[in-house]
Amino acid sequence: MANVYYEADANRELLANRKVAVIGYGSQGHAHALNLKDSGVDVRVGLGEGSKSIAKATEAGLAVTTIGAAVAEADLIMILIPDTEQQRVYEADIAP
Numbered sequence: 001m002a003n004v005y006y007e008a009d010a011n012r013e014l015l016a017n018r019k020v021a022v023i024g025y026g027s028q029g030h031a032h033a034l035n036l037k038d039s040g041v042d043v044r045v046g047l048g049e050g051s052k053s054i055a056k057a058t059e060a061g062l063a064v065t066t067i068g069a070a071v072a073e074a075d076l077i078m079i080l081i082p083d084t085e086q087q088r089v090y091e092a093d094i095a096p
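67 is the number that our numbering gives to position 67 of the sequence shown; each next residue is one higher, with no gaps.
Don't read these hints as lab results, they were simulated from the structure. Mixed in with the good hints there might be a few duds.
[Unchecked claim] Dumping the calculated DSBU-like pairs for lysine-lysine here, alpha-carbon to alpha-carbon at most 35 Å:
#1 Lys37 x Lys19
#2 Lys52 x Lys19
#3 Lys56 x Lys37
#4 Lys56 x Lys19
#5 Lys52 x Lys37
Just so it is clear, the structure is predicted and the values come from calculations on it, not from any experiment.
Please build the complete structure, drawing on both the sequences and the hints.
Structure (structure tokens):
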């Protein structure tokens, strides 16, 4: 049987004063980024240059930057891009 967790079960202090980079702004990235923002977390979205999602994330009031810059600023990185892109992005923008 699955466990169900509620807001009272979470400790928001674990993310206080930490910067979170959400890499990608597709079906998963936008939901996580907006939920984190609504919870008061300092979140930025890292996107590839020329991404069609830059305007969407900016219009949602999120800080948007390149993947490399988002990673460099972050204490926590959420990689929410397609599996087929993860290795390339990791090697080019996250590992260095």
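Structure-inconsistent hints, enumerated in ascending order: Nothing - there is no hint that the structure violates, so all of them hold.
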